[in-house]
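Protein sequences appear in the order of chains B and S.
For the first sequence, the residue numbers in my numbering are 1 to 364.
For the second sequence, the residue numbers in my numbering are 1001 to 1378.
The set of hints was computed from the structure by calculation and includes no laboratory data.
Quantities reported herein were computed from a predicted structural model and do not represent experimental measurements.
Don't be surprised by glycine CBs; every beta carbon is placed ideally from N, CA and C.
Just so you know, not all the hints are guaranteed correct.
[To be verified] Below, a list of computed lysine to aspartate or glutamate pairs in the EDC-like style, where the Cα atoms sit at most 20 Å apart:
(1) S:LYS1129 x B:GLU110
(2) B:LYS140 x B:GLU70
(3) S:LYS1258 x B:GLU110
(4) B:LYS111 x B:ASP195
(5) B:LYS330 x S:GLU1193
(6) B:LYS44 x B:GLU167
(7) B:LYS240 x B:GLU209
(8) B:LYS330 x S:GLU1190
(9) S:LYS1129 x B:GLU137
(10) B:LYS145 x B:ASP72
(11) B:LYS211 x B:GLU296
(12) B:LYS51 x B:ASP72
(13) B:LYS69 x B:GLU101
(14) B:LYS158 x S:GLU1117
(15) B:LYS240 x B:ASP210
(16) B:LYS326 x S:GLU1314
(17) B:LYS255 x B:GLU289
(18) S:LYS1258 x B:GLU279
(19) S:LYS1258 x B:ASP228
(20) S:LYS1258 x S:GLU1117
(21) B:LYS49 x B:GLU27
(22) S:LYS1129 x B:ASP119
(23) S:LYS1258 x B:GLU209
(24) B:LYS90 x S:GLU1276
(25) B:LYS90 x B:GLU137
(26) B:LYS335 x S:GLU1190
(27) S:LYS1258 x B:ASP218
(28) S:LYS1258 x B:GLU334
(29) S:LYS1347 x S:GLU1193
(30) B:LYS79 x B:ASP119
[Said to hold, decoys possible] With the Cβ distance kept under 10 Å, some of the chain S side facing chain B (calculated, not the full set):
(31) PRO1125
(32) ILE1187
(33) PHE1369
(34) THR1370
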Amino acid sequence: MVPYKHYSLLAIACLMWMAGCSSPYVENNMIEEIAPVVFWSVDKGTEGKFKISTLVPPLIQEKKRLLTKEVDLLKQGGKEFNLIYNRELKQGQLRMVLINEELAKKGGIEKLVNTILVDPDISMRVYLLIVRGNFDEYIKHQLTKQENQDYFLYRMLKHYEDYNQGEMSIVNIHQFMKKLYSPLEAPILPVFRSDKNNFNYIGTAFFQEDKEVMVIQDVDDEIFQLLDNDHFLKVLAIPKLSVSLGRVRSNVRMKLSRDYSSLSLHVGLNGRIEEYQGEKEIQSEEQLEHVIQEIEIYLEEQTSDLLKRMQRWKVDPLEVGTHSLKPFSKEITEKQWLKYWGNIKINVDYDIKIQPLNNVERLM
Amino acid sequence: MAAGDEEVKSLSLYNRTSTLGGIYFLLLVNRTQMHYFILIMPTFLVHSYMVWGIIVMGLLSQLNLMMLSKWFTSRYAAKGYQGFIQLFGKRTVQIFAILGFLILLPKISVITLGYVEMLHSFIYPSMNKNWLILMILLISLFVASHGMEKTLRFVVIAFLGGVWIVIMFIPFFFPPIANYRDLYPLIPTEWSEQSWRGLLFIWSALSGPVYLAFMVPWLSSNKKIMKYLVIGNMLSIMEYSFLFIASVLFYGSHYLSKINFPLVYMGSYIQTGGLERIDYILISFHMFTYVFDISILLLCFYGAGRIFMRKMNEQTTRIGLLSSWFVILISIIFMNHWLWQTVPGQKMLLNIQIWISAFLYLLVPTILFTAVKRKESM
């Protein structure tokens, strides 16, 4: 036989030795000695510093506490936590980065995100959120009420991310960065409001040149979910017309004219009426038609209004600009596009197909 | 007696018991084109219309392979070293061997350093790189020590270990992250120096099969091999363009140019319910291709050394293989130390590697083709 076993013995000996004495590895990942980090919350500190905080230890039967530090650099914060805490914090499980709205308005999220992206331990699927108010206070207060609040928050985001089920704009770091670098796309982030007792979703923030420029809420946000984000809404409630539509699916067609002077936006909606508190008899075909027409007009007005505000702020989160890309022509620059975008004439047209209420008196 | 028997067998690295048929050609062409360069390719191409570049360069490479197949089927190729001497004369072959020796060294180094860098930045960020280099080279030495024939047969494992990775990238073609308008414009509206460099890059990435020209004695010189060469090359083009389009859809052209290992980062974005860091598995499986590449080049390297030291008629020795291995190890460690760790050094090494392999891919088939033609007409 050929003495290959010498080589393999050498290889095995090498491997055993490397595994045994850990000299080539500098890092130690013994589970008893480390604490995974689930979220970073970044706030504005005094004198241009960051105030960053995290909750330790996650997912272990142990009393939790919130660590907070004021630092100049994000990574410095991670390091300083290690010095005041008796375990080493590891960022491999980082799931959420919460950025205070004040900081987002000032700009510079790109740099924060880059810091996180440089670390290959951290996945690109980390959720980015904007927080209005004081998140630390909320977490501190929740510690006494509910354990593992950080993990539940992550599960909530994951729940709404999967299957695009509408309701929230959930964005991870990769999606944010891709849109940030693409000249004809504007990044968006979800905004949450937080105080001592509450932490709830309020809407979507639009970014321009790495700064938060506008936040849309309620009906506007619902329209945005239909137009761009998920193309689906579980419930579209229109209090003004006393009607709730359910399982609304949208089909959006945009047509940009060749000289970028007008945009026609056609939205087809499919859904069903799940609730009606108004005066009309929607069992009758005629009256139902009337209600639908009212909804169409209402949505058209709201949408044009929303788009006009986007134009005023010169943001294009709906990525209308990408419709200017053609297979055979040159890409226009971001600056050119935004100039066109500000003056574009928009024509919104809704076409709604609706089934009436189920299991109640049927249409004859 | 048993020990003596063992000795004799272990030393004959370049023995041949049977010739490898057409399907091996296919796999060899494909795998030698899928090494380190494929991982960084999207960063060099960036614009979506460069997919035409891949196709055009792939078709040119097709022509090149046809020329090469002329060499494969010629009677000189089957004779191996003697065939080369008949064609060019002893002196010239020696000079070629020295040149080959000098060219192989940076090639092996860049491939190894590239893979080690990826391992280092994704899996073992705090580990000393020299250990990783040593490990990869030890594995390759182990494979190479089985001799040329078995190493060539290893391509089957390398192929099976690597080809399924492409399947993992299929989800990137479907929304939500993918926006098909990212692929526009389809036709280049401007052409810059960077685009030329992209073409050069594709050409050099396709240059792997050049080394097969020196391995003909172990491969069959059947007339039908051309078909397999062409299919192997086609497969590579398909893999190239598939991975490239996936990465354009994932990053968009503007972000793509800023990422250093686009495909590996995409791997780390893949997630399943049970497993989160799929990229670790992908990187590990990719190692088969590298080990195959490095061990085959190691054997070439040793062979070239033997030619210019005029030891072709003597037996191969274990010391010989080990010392060429040491030369490679030391050269890689030095390159890592002096050049690879800085950005300009890394760029320089990569550029040298791109130019050299592009030139080789242009020159070797042409030289062999014309030499065979001339001899035949004489």
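Hint check:
| no. | hint | result |
| --- | --- | --- |
| 1 | S:LYS1129 x B:GLU110 | 30 Å, violated |
| 2 | B:LYS140 x B:GLU70 | 17 Å, holds |
| 3 | S:LYS1258 x B:GLU110 | 13 Å, holds |
| 4 | B:LYS111 x B:ASP195 | 27 Å, violated |
| 5 | B:LYS330 x S:GLU1193 | 18 Å, holds |
| 6 | B:LYS44 x B:GLU167 | 29 Å, violated |
| 7 | B:LYS240 x B:GLU209 | 36 Å, violated |
| 8 | B:LYS330 x S:GLU1190 | 8 Å, holds |
| 9 | S:LYS1129 x B:GLU137 | 44 Å, violated |
| 10 | B:LYS145 x B:ASP72 | 32 Å, violated |
| 11 | B:LYS211 x B:GLU296 | 34 Å, violated |
| 12 | B:LYS51 x B:ASP72 | 9 Å, holds |
| 13 | B:LYS69 x B:GLU101 | 18 Å, holds |
| 14 | B:LYS158 x S:GLU1117 | 33 Å, violated |
| 15 | B:LYS240 x B:ASP210 | 36 Å, violated |
| 16 | B:LYS326 x S:GLU1314 | 65 Å, violated |
| 17 | B:LYS255 x B:GLU289 | 27 Å, violated |
| 18 | S:LYS1258 x B:GLU279 | 59 Å, violated |
| 19 | S:LYS1258 x B:ASP228 | 27 Å, violated |
| 20 | S:LYS1258 x S:GLU1117 | 17 Å, holds |
| 21 | B:LYS49 x B:GLU27 | 29 Å, violated |
| 22 | S:LYS1129 x B:ASP119 | 17 Å, holds |
| 23 | S:LYS1258 x B:GLU209 | 18 Å, holds |
| 24 | B:LYS90 x S:GLU1276 | 16 Å, holds |
| 25 | B:LYS90 x B:GLU137 | 23 Å, violated |
| 26 | B:LYS335 x S:GLU1190 | 19 Å, holds |
| 27 | S:LYS1258 x B:ASP218 | 37 Å, violated |
| 28 | S:LYS1258 x B:GLU334 | 18 Å, holds |
| 29 | S:LYS1347 x S:GLU1193 | 16 Å, holds |
| 30 | B:LYS79 x B:ASP119 | 14 Å, holds |
| 31 | PRO1125 | 6 Å, holds |
| 32 | ILE1187 | 5 Å, holds |
| 33 | PHE1369 | 38 Å, violated |
| 34 | THR1370 | 41 Å, violated |
Consistency note: the structure conflicts with the earlier hints numbered 1, 4, 6, 7, 9, 10, 11, 14, 15, 16, 17, 18, 19, 21, 25, 27, 33, 34.
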